[in-house]
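A.B. asks: Residue-level listing of the chains:
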Amino acid sequence: TQLLEQSPQFLSIQEGENLTVYCNSSSVFSSLQWYRQEPGEGPVLLVTVVTGGEVKKLKRLTFQFGDARKDSSLHITAAQPGDTGLYLCAGSSNTGKLIFGQGTTLQVKP
Amino acid sequence: NAGVMQNPRHLVRRRGQEARLRCSPMKGHSHVYWYRQLPEEGLKFMVYLQKENIIDESGMPKERFSAEFPKEGPSILRIQQVVRGDSAAYFCASSPRSSASYEQYFGPGTRLTVT
Chain A
1041 TQLLEQSPQF LSIQEGENLT VYCNSSSVFS SLQWYRQEPG EGPVLLVTVV TGGEVKKLKR
1101 LTFQFGDARK DSSLHITAAQ PGDTGLYLCA GSSNTGKLIF GQGTTLQVKP
Chain B
202 NAGVMQNPRH LVRRRGQEAR LRCSPMKGHS HVYWYRQLPE EGLKFMVYLQ KENIIDESGM
262 PKERFSAEFP KEGPSILRIQ QVVRGDSAAY FCASSPRSSA SYEQYFGPGT RLTVT
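In order, the protein sequences belong to chains A and B. Every letter in the first sequence is one number past the one before it in my numbering, and letter 44, counting from 1, is 1084. Every letter in the second sequence is one number past the one before it in my numbering, and letter 107, counting from 1, is 308.
One or more of the hints may lead you astray.
[Claimed, not checked] To give an idea of the chain B side of the interface with chain A (calculated C-beta under 10 angstroms), a few residues:
1) Q207
2) E242
3) F292
4) S296
5) E304
If you're looking for bench data, these hints aren't it; they were derived computationally from the structure. From the three backbone atoms N, C-alpha and C, an ideal C-beta is built for every residue, glycine too.
Take the sequences, apply the hints, and build the full model.
C.D. replies: And the structure:
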């Protein structure tokens, strides 16, 4: 059974600080996706990483896929209150279904 | 360019009734996935469908739950004889036929409450 361990589960920081969220597994994934979910809404796709070692940047967000395609990280630089939300990583199996981590609830205080 | 649409957004059913959840994928997408998010839990895969075919139903409960994606019309997730434990948010996602990276785009979800 493929599992994704996401950490930390909760993170409360001050505006301007940096943070990193980790997503780890013992399984290899075809690709890994990061989503952000607001209360009462569906997950919104932020990025997809496919190649081992791949790094993608989205403004102040940096996403990395591990060389072995088993883990990933999300780094936010100079966090803003607007970054507050639930961040989810999800690994794609060969059949296409997504295996989700438990999520990281981020609170950025002004 | 409409995204994935789900209706109803909120559904209240009494125990023993049937719940029907609908999902219209993004234009041009022929792959549909259903996920369930229980309170205080993560998203769990339920079923993967293409037009008129169930590809992977490994996450579906064995009884009372069924899904279809007909040639015409939306995908339907059907829950018969609902119980309180079925209360959850149900999300549908779609992906393009030719997507090599399996990107999935989610709808806003249907929040089912069983009373």
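A.B. asks: Check each numbered hint against the structure and report the violated ones by number, ascending.
C.D. replies: No hint contradicted; all consistent.
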